[in-house]
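*Asks:* Sequence:
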Amino acid sequence: MDNAPAAPLEIETDRLVLRTLGPGDEDRLQRVFERCADHFAALTGRRAPEPGAGAAELRASTGTPGRQVALLTRLDTGEAVGAVGWWAGNPEPDRALLGLLMVDPAHRGQGLAREALGALEVWLAGSGIKAMRTAFQRRRLSVHPIVRALGFREMSIRDHALLGLSGAGISLWEKPIA
1 MDNAPAAPLE IETDRLVLRT LGPGDEDRLQ RVFERCADHF AALTGRRAPE
51 PGAGAAELRA STGTPGRQVA LLTRLDTGEA VGAVGWWAGN PEPDRALLGL
101 LMVDPAHRGQ GLAREALGAL EVWLAGSGIK AMRTAFQRRR LSVHPIVRAL
151 GFREMSIRDH ALLGLSGAGI SLWEKPIA
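By full-length UniProt numbering, the letter at position 89 of the sequence shown is numbered 89, and the numbering carries on one by one without gaps.
To be clear, the hints were calculated from the coordinates, so they are not data collected in a lab. Glycine residues also receive a C-beta, built at the ideal position from the N, C-alpha and C atoms. Mixed in with the good hints there might be a few duds.
Claimed, not checked - Just the calculated beta-carbon pair ranges, DEER-fashion: (1) Lys-130 / Arg-47: 32 to 40 angstroms; (2) Arg-74 / Trp-123: 16 to 24 angstroms; (3) Glu-12 / Arg-47: 28 to 36 angstroms; (4) Gly-78 / Arg-140: 31 to 39 angstroms; (5) Trp-123 / Asp-76: 32 to 40 angstroms; (6) Ala-60 / Gln-137: 32 to 40 angstroms; (7) Glu-10 / Ser-156: 17 to 25 angstroms; (8) Lys-130 / Asp-27: 34 to 42 angstroms; (9) Ser-156 / Arg-47: 12 to 20 angstroms.
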């Protein structure tokens, strides 16, 4: 997969625009991370994102081919209400890894995460991606129903082993998109 496009990618839905970020957008992403502190609590056990987490995420995405992060911005207000990060072509050429999907708590319960993910899936499918995967620590039980509601199905321990992943500490999920 190519690295991030020269111009920001924009994907528009009925209520959102997903716009990829790059150098200079670190503070914008950090503000979204701070408003979504419970995301970090659920996935990492930390009460808030680390200072500089937005900058670290952007460095990782701009330095890795196929990896991108986008803000979710309301079309009607221009307000950044969340973020989505993915890595196309990982772990296989026809797969994408969903690394993060978060919506500001003040905007939850409106289907924005599902809407954003659906738009991203259409765009990825147009690029030859056939399925999306995500993974997190199995002990983070509060995440399981959310990922399931987004259409992912947990992969078996056998599948983990076939992929060369040892142990059962990681919960690996997949969703066909094409």
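*Asks:* Look at each hint and say if it fits the structure.
*Replies:* Do the hints match the structure? See the list:
1. Separation of Lys-130 from Arg-47 is about 37 angstroms and conforms to the stated range, judged on CB atoms against 32 to 40 angstroms.
2. For the pair Arg-74 and Trp-123, the beta carbons lie near 19 angstroms from each other, so the given range of 16 to 24 angstroms is met.
3. Between Glu-12 and Arg-47 the CB atoms are about 34 angstroms apart, so this pair conforms to the stated range of 28 to 36 angstroms.
4. Distance hint for Gly-78 and Arg-140: a CB-CB separation of about 33 angstroms, consistent with the stated range 31 to 39 angstroms.
5. A C-beta distance of roughly 22 angstroms is found between Trp-123 and Asp-76, which places it outside the suggested range of 32 to 40 angstroms.
6. For the pair Ala-60 and Gln-137, the beta carbons lie near 19 angstroms from each other, so the given range of 32 to 40 angstroms is not met.
7. Between Glu-10 and Ser-156 the beta carbon distance is about 37 angstroms. The supplied range of 17 to 25 angstroms is therefore violated.
8. Under the hint 34 to 42 angstroms, the C-beta atoms of Lys-130 and Asp-27, about 36 angstroms apart, fit the expected range.
9. Judged by the Cβ atoms, the range 12 to 20 angstroms given for Ser-156 and Arg-47 is violated: they are separated by roughly 33 angstroms.
Hint compliance for this structure: hints 5, 6, 7, 9 are not met, and every other hint is.
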